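J.: Single-letter residue listing:
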Amino acid sequence: MSALLNAEDVKAQIEAGVPGSRVRVIQNGSPSAQHSLLLENEHARAVAEFLRDDAGLRLDYCSLVTGVDWTDRETSEKVKVRKLVQAADGTEQEQEVEEVRKTRVPGYLEAVYHLFSMEKKHGPVILRLRTANRTNDTTLPSLTPVWRSAEFQEREAFDLYGIVFEGHPDLRRILMWEGFADYPMRKDYVPPADDVEVAEVHR
Amino acid sequence: MSSVAEMHAIAGQGEIMEVSMGPHHPSTHGVFRMDVRLEGERVVRLKPVFGYLHRNHEKIAEHGAYLGAIPYTDRLDYLCSMTNNWGYVLAVEKLAGLAVPERAEYIRVIVAELTRFQNHAGLVGFLLQDMGASGTPLMYAFREREKILDLFESLSGARMMCNYMRFGGVRVDCSAAWLEEVRQLVGRLPQFVDEFEKLLRGNEILMARTQGVGVLPRELAVNAGVTGPMLRASGVNYDVRKVDRYGIYDRFAFRVPLGEHGDVYDRYMMRILEMRETVTILEQALKDIPAGPVMDPKAKLRGLRPKVGEAYGRIESPKGELGFYLISDGTGNPYRYRVRPPSMINLTILEDMCLGENIADTVIILGSVDIVLGEVDR
Amino acid sequence: MGQDLKELKIELSKNGIFTTTLEELYNWGRKNSVWPLTFGLACCAIEMIATTMARYDLARFGAEVFRPSPRQADLIIVSGTVTKKMAPQVVRLYNQMPEPKYVIAMGACAISGGPFRDGYNVLKGIDRYIPVDVHIPGCPPRPEALIHAFMTLQKKIDEQSLAGADRPRHLQAELPSEFPVPEFGEHGLEPSANRDVFAAQPGNPLKVLQ
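Residue numbers (this note's numbering), protein chains in the order written: chain B, 1 to 203; chain R, 1001 to 1378; chain Z, 2001 to 2210.
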């Protein structure tokens, strides 16, 4: 890859350059080591402009905008707790045991932006923006005014996932027809049953 | 070329004719539609409409295993199946941390550069057909393309949908006889490029119709995410082969041609010049290809379950930067599979390039963008 | 035609007298000048273009010019995946072609949806809306396969009779030559198939040519 930027460095630069912004580094478990930065929606536009215009970063090229559907998930983790456990001789003792704790993580939609610099030939810097939920609050700020390359790709995320990008100059469906009512790339989309019965052909 | 605001202001006065070009049109390179508003012959507004070939490639890939997506990648940019394969397997190799043996890397470069050659030749042929040279340049281009497809067929079993690369290498090894045939073909390619260029160089109609038409300024090209020969025609030096040095491209000495004006003529010349550089790379690769295995023995194809994580892998395809973004949730199917389609993103500034031009020039400008609808719509 | 008749024809032709029937002449003229519509949807279109190029040369079979306008074309080669967004346009183009008109469904996608069958935007075969004369399997079919399909179509035209119950559709006034264009619904196309399509084929719609 082109020179990979250290995610912690970029986070520090953003928080210094855009006062009030909070950035969280999301670690990437794969060997590609492409860690991403989770932004807050209210500062996203300002952060994007900073990343594009800052003399050291000059991330002038937004390569890819992806919509992702994270459904409601259950994560489980093993935690050590001290509990009263019945011992072999019948008495109760406090011991440290391992318990599996399940937490329910509510779902959300996510927009992922891959940024590179054509001037400095480095990258990618990966930004993530998350909506509040998957049901009734699926708005995100549009980064099309900052990088024009996001124009069609945000329309596609709107078309296939239902993410509403505020500030997009022309937000309408791009791949499916106007009037289509579903968001097909979501994990819970059920296609219509329209298989014609073959028996009718051989009359 | 005028500004968007000026043109939209004009669109409010006088008699405006609205024309829908496509989706069935002899020159739109597939099922692509442009809603054009004309004042006389001048374009005052242009909105591209696509989705007529949306085959939900991403959803199908998310429902299948990692291996099963490879034949579908052939059908993205259906003229260049080898480079599509490479983009995808590169992303999977980044995701799962797989290594590729050296001979496989050389074979990948050889087939990818052959693909680039036949794509650029075909594009020049189609561009000239759009200009009215009905059929003859395309016949020349397809003549060479058929020779290259014969090579692909003897190597991978299919002319167009090769399904040849795998994560960790390539599917089968090539024989010494095949390499010899490639050498002989590559020996004759410079003569073809010369002949092809001479057919068109100095042609007054070509010059008049392409020079100064459809100019794309540098800053707009970068901001709009344009990549590939179209970006370099506007003078921006960004070739993913040089920037990322993926595969073994850092071993080859080749130049990256750059344009000065960013008009259709520059874009057309870019393809001719890149065809020459491609021949240079092929000659070097054929000289240095070592013996050895073509598949990483540790790479698991069928039951690949990469660790939870994500990766973005990209290559320089003949159309631009082709990337694949994969999110793995630890199972055998990708959780999210996304294609970065260079053709679709290069279309973002189609309106900007066409405003103020004649309606007849929109066809040529669209032709110089080099789109394939399988990639635009996926 | 009987063996005696054939021998008589050969004898006469040796003496410079050429005999035929009106039906043969009519079919010969029509089958050798089938002009297709320039209609390519996806990958199969590239193989169709390769078939018209110098190596495979479809022009020798009479498909010399591909007409851009459906009003002047005889044949529509549906090459590539027909998506639900494109299907109304395909049916409209078919309706605009004048009779006699033929349809070749080229490739797996046009026959049944092909590898993209499980798609929310993919039509599972163009023969849901328009009658198809020849199907070519393949993904994509080789140019030789397209030529074979073309020759199969020519054979089909050759075997058509001008009178009788099994005369072709364009000579039967009561059979429809235009089919309803589907509309975009909220979840798919409405209707999802033209049930009358299969009834429009005279005789046995699935007759296999020997």
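One thing to keep in mind: the hints can contain errors.
Here are some chain R residues pointing at chain Z (derived, C-beta under 10 Å) [unchecked claim]: (1) HIS1025; (2) ASP1035; (3) ARG1037; (4) LEU1149; (5) TYR1335.
Cβ pair distances, simulated, as ranges [stated by the list, open to error]: (6) R:LEU1301 / B:THR135: 37 to 45 Å; (7) R:PRO1190 / B:ASP54: 53 to 61 Å; (8) B:ARG101 / R:PRO1293: 40 to 48 Å; (9) R:MET1139 / Z:ASN2032: 47 to 55 Å; (10) R:ILE1248 / Z:HIS2187: 43 to 51 Å; (11) R:GLY1068 / B:GLU99: 44 to 52 Å; (12) R:GLY1132 / B:GLU8: 51 to 59 Å.
Quick caveat, the hints were computed from the structure, so don't treat them as lab data.
Quick caveat: nothing in here was measured; it's all calculated off a predicted structure.
Note that the Cβ used here is the ideal one computed from N, Cα and C, for glycine as well.
J.: State for each hint whether it applies.
T.: Quick rundown of the hints versus the structure:
Interface hint at HIS1025 (chain R): satisfied, since its Cβ lies 8 Å from the closest Cβ of chain Z, which is below the 10 Å cut-off. Taken as an interface hint, ASP1035 (chain R) does not check out: its beta carbon lies about 15 Å from the nearest beta carbon of chain Z, beyond 10 Å. Taking 10 Å as the C-beta contact cut-off toward chain Z, the hint placing ARG1037 (chain R) at the interface is violated, the least distance being around 21 Å. For LEU1149 (chain R), the interface hint holds, since its Cβ comes within 10 Å of a Cβ in chain Z; the closest pair sits about 8 Å apart.
Interface restraint check: TYR1335 (chain R) against chain Z, minimum CB-CB distance 18 Å, threshold 10 Å, status violated. Taken as a hint, the range 37 to 45 Å holds for the pair LEU1301 (chain R) and THR135 (chain B), whose Cβ atoms sit roughly 39 Å apart. Checked against the hint of 53 to 61 Å, the pair PRO1190 (chain R) and ASP54 (chain B) fails, with Cβ atoms roughly 45 Å apart. For ARG101 (chain B) paired with PRO1293 (chain R), a C-beta distance near 47 Å keeps the hint of 40 to 48 Å intact.
A hinted range of 47 to 55 Å for the beta carbons of MET1139 (chain R) and ASN2032 (chain Z) is inconsistent with their spacing of about 23 Å. Remark: the range hint 43 to 51 Å for ILE1248 (chain R) to HIS2187 (chain Z) is upheld by a beta-carbon distance near 49 Å. One distance hint, 44 to 52 Å for the beta-carbon pair GLY1068 (chain R) and GLU99 (chain B), is violated here, with the actual separation near 39 Å. The hinted range of 51 to 59 Å is satisfied by GLY1132 (chain R) and GLU8 (chain B), whose Cβ atoms lie roughly 58 Å apart.
Violated hints, in rising order: 2, 3, 5, 7, 9 and 11; the structure is consistent with all others.
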